[in-house]
Amino acid sequence: MAGFEIIKDISDKGTKLLPIASQAYVVNDLLTLAVGSTTWTPAASTTGYFLRKAIAMETVASTATSILAVELDGTETVRAESANNGNTSHNGDRMVLTDANTVNNTGTDDTGENVAFIQEGIAGATTDKRLIGRVVVGPGVNPDAA
Amino acid sequence: MSAPYTLGQAADVVDLSIQKIFVKSSDPEAQFKKYFNFRTTEDYYDKDSSLTGLGEADFVDENGVIFSDTPVQGYDKTYTQNMVGVILPYSYRFWKFGIKKRDLTGLANELKLSISRKTEKLCAERLTNGFESTSYTHSGQSGSKTITTSGGDALGAFDDDHTREDGGTNMNNYVYDGTTYNLPWDYAGLKGAYRTASLMVDGRGNPRPAMLDTLVVKKGSANHYRAMEMLGAIKNNKIPESNDNDGAGAMPYQILALDYLTNASYWFMFDSSRALTDKEGFQFVQSEAPHTDPVNTVYKTKEIQVSATTLFDLGHNDVARSWVGSKADSSGATD
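So the sequence lines, in the order shown, correspond to chains A and B. For the first sequence, position 5 (counting from the first letter as 1) is numbered 5 according to the working numbering, and the numbering increases by one without interruption. For the second sequence, position 163 (counting from the first letter as 1) is numbered 163 according to the working numbering, and the numbering increases by one without interruption.
Just chain B, with the same shape it has in the complex (with noise of 0.2 Å):
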């Protein structure tokens, strides 16, 4: 709360009868890196655009003229720094005799978690309103926030109908099998991740097939059981979910079981060697880490004031082409 931290409102810090008193916190593991692009920018604004390259050479006729062919430019992307921070507030006698004297000066640490937690639900966020979805209702503490999340092509970050730069066929990132989109997570899903992937175009059309090498899922969920034991299976060579004596179809991928991805049906795959360039992918441009501010004093009533701030902004221009998803509800390409 802004107004101070009072001894009257953590009475037990002065009990002398209470030997030990411990932070509890959440102390939330890093994960939006293992997913996200991570880099640094100087600037307030952070654009990227591109250029496709060529499509195919053609034959030449004895002495005829070469055929020409130009690349198209492709999305732009403007990234803008958020600043996101928390402050912690508290009377001088609770600093005294509560912080410093019970040695809680970890207190202080909560700050930079606190916005570790903002960070890691940011980012899992995209994901579950990736969804053909170009925008969402962000709840905070401090009230809510409509979050843009379109990608270059103003689109949600899985849809169907991501545009090619060329103005060729749209491109579709929902796992789909040729008949079902939105494949629940088993190894027919898996599949029809891999043929998704394997789908894939550059700008001009041209096959680029993405290599699907990581599976997102929400930490504990049925998927995540269901990944390891899928994953054990192929490991042996063997086709999960099967008796069959064929060897396995499929390759083995990472799991990464995010704390903050609330929707334990979704499930998202992505090629690493794509989706963490700065190139593609989902994008973290941050110009300041998190660091905790200087204290500062209320001369008047002498209130102590701890702040850590960041600044940092999180999107994507283009993930048609490293990143799939699925609803796992086998509903058509919507909403």
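Chain A on its own, in the form it takes in the complex (with noise of 0.2 Å):
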């Protein structure tokens, strides 16, 4: 399944609907809200790593105006779609994304802000194109804001 599913988390957290406009979303895309927002957005290779982030759980159509999901707290194991073959030697890379269902996983360690994936293992075999790791999340200010 595409996108990204939280595969084990210690804690029990209940889903709730959170405020989307003007964009359809399928189950398992990531979204997150930009600083000074007030409706969530698909996360983009944009997304900084200081953004709050949650997860689809329902899929739903452009004129809907709240959307069940998973927020993220960043201690869950997250399983997400890559772009490219799953590679245990970038374990520990630091990921942007390419859009709201898939990590691109360069092969490079990248030190920009707009990370929102480490990866920690992959899933099946290579060519499944499945990483494991976990979302990068913040409070959603970003710090060198003045």
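Bear in mind the hints are in silico, worked out from the structure with no lab data behind them. C-beta atoms are modelled at their ideal positions from N, C-alpha and C, and glycine is treated no differently. Take these hints with a grain of salt, some might be off.
Claimed, not checked - With beta-carbon atoms standing in for the labels, derived distance ranges:
| # | chain 1 | residue 1 | chain 2 | residue 2 | range |
| --- | --- | --- | --- | --- | --- |
| 1 | A | ALA125 | B | THR180 | 25 to 35 Å |
| 2 | A | PRO19 | B | LEU16 | 49 to 59 Å |
| 3 | A | ALA61 | B | GLU288 | 22 to 32 Å |
| 4 | B | ASP161 | A | VAL26 | 50 to 60 Å |
| 5 | A | ALA21 | B | ALA222 | 52 to 62 Å |
| 6 | B | SER150 | A | VAL26 | 38 to 48 Å |
| 7 | A | ASN91 | B | TYR44 | 48 to 58 Å |
| 8 | B | THR78 | A | ASN91 | 38 to 48 Å |
| 9 | A | ALA83 | B | SER26 | 21 to 31 Å |
Grab the two chains, each in its own frame, and use the hints to assemble them into the complex.
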């Protein structure tokens, strides 16, 4: 299944309705709340490490104004679809996203602020393109902000 | 997933235009007990060792001192219990309007089936990764894990250098006809396997040939079909793959075609009178059978969690005298 799945979580998190606008989502899409915004949007390659993030638990049309989701606290083990074949030598790499359902695993540790995923392993065969790791979350405030 | 399964992820269960919802999944045939010796334990560590027998008695001169001999201690092998488990969480609404109303309670059986799949996969991987290698990387759904596969002699299951307990000539259990290792599966390969087994010795070097009676191949592979064709000829007392009028020179064998063996070329044979005993062969040591744990309800969310777990270990101390294996590429006896 494409997208992001929580596969291990010591806490029993509840789901909640997050406000969205003019955007369709499918199950396992990663959402984020941009600084200064009140509605959640799809995570993208520009999503920073410091932003709040959540995983969609339902498919909704663009007319929807809310979506059922699980907000991440960063301790969950997450399985994510990747752009390239899995490679355990990338364990520990910080990675940016391709889009809301794919991690861009280039094989290079990304030192920029748009990091959203840290790989800890791979799931299944390398060609399955599924990574194991953690979604990087923050308080929603850019520490570089003036 | 660890987050609960919600109606939004399986909206079909509350779609009244759908009359039937089937659970479609793999129901693995329980095959591992046919080539792994299954035994139970109560302990975290289960360790076995051995003593060899004696060599040959010898002549005694008149009024001479009788020759004395003592056994040699064999190799130790420790089986350490591992837990394998899976949890299936779902929201209360999914449970009430999906599972209960649709009578999908069979979904819970998936938990045990997923353990069966893991067990079959782990056992078959011992064969696939058994040549010279002492470890391999197992790919699981939640990550990969390095699994050690060495036996009591610290070598892989199939090796031409199995160390003999008394320090004598190393032992080989690659299929070997005296010239070529790793013979392909055909009549010559079968005879090579019998030859390899005929040269097996005990820990003191005494002849102890194995009577290979079971062939292990990947189900549906060319080896599998060739095995059935050859077996038909042998049962008709004919030489397989030949128009020769001579009778078959090989004994019929059982074919164990594994669903979970990933390599279609590799083939193996074993002597079931040895390989399925506590004493030798691959061992599956279980301290807790697969079982469904009590249902847990999260008080704050009413999320319902069901899980299944089991505890076991698998491996081998000594397969050098009961199993032979071939990579079927006529390569040397190395990785």
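Hints versus structure:
1. Look at A:ALA125 against B:THR180: about 32 Å separates their beta carbons, and that is inside 25 to 35 Å.
2. At about 30 Å, the CB distance of A:PRO19 to B:LEU16 disagrees with the hint of 49 to 59 Å.
3. Hint check: A:ALA61 to B:GLU288, Cβ distance near 47 Å, so the stated range 22 to 32 Å is violated.
4. Evaluation of the 50 to 60 Å hint for B:ASP161 and A:VAL26 yields a pass: the beta carbon distance comes to about 55 Å.
5. Range check, A:ALA21 to B:ALA222: Cβ separation about 58 Å, and the 52 to 62 Å hint holds.
6. Hint check: B:SER150 to A:VAL26, Cβ distance near 46 Å, so the stated range 38 to 48 Å holds.
7. Against the hinted window of 48 to 58 Å, the Cβ-Cβ separation of A:ASN91 and B:TYR44 comes to about 29 Å, which falls outside the hint.
8. The hinted window of 38 to 48 Å between B:THR78 and A:ASN91 is violated, with their beta carbons roughly 29 Å apart.
9. As the Cβ distance of A:ALA83 to B:SER26 is approximately 29 Å, the hint placing it in 21 to 31 Å holds.
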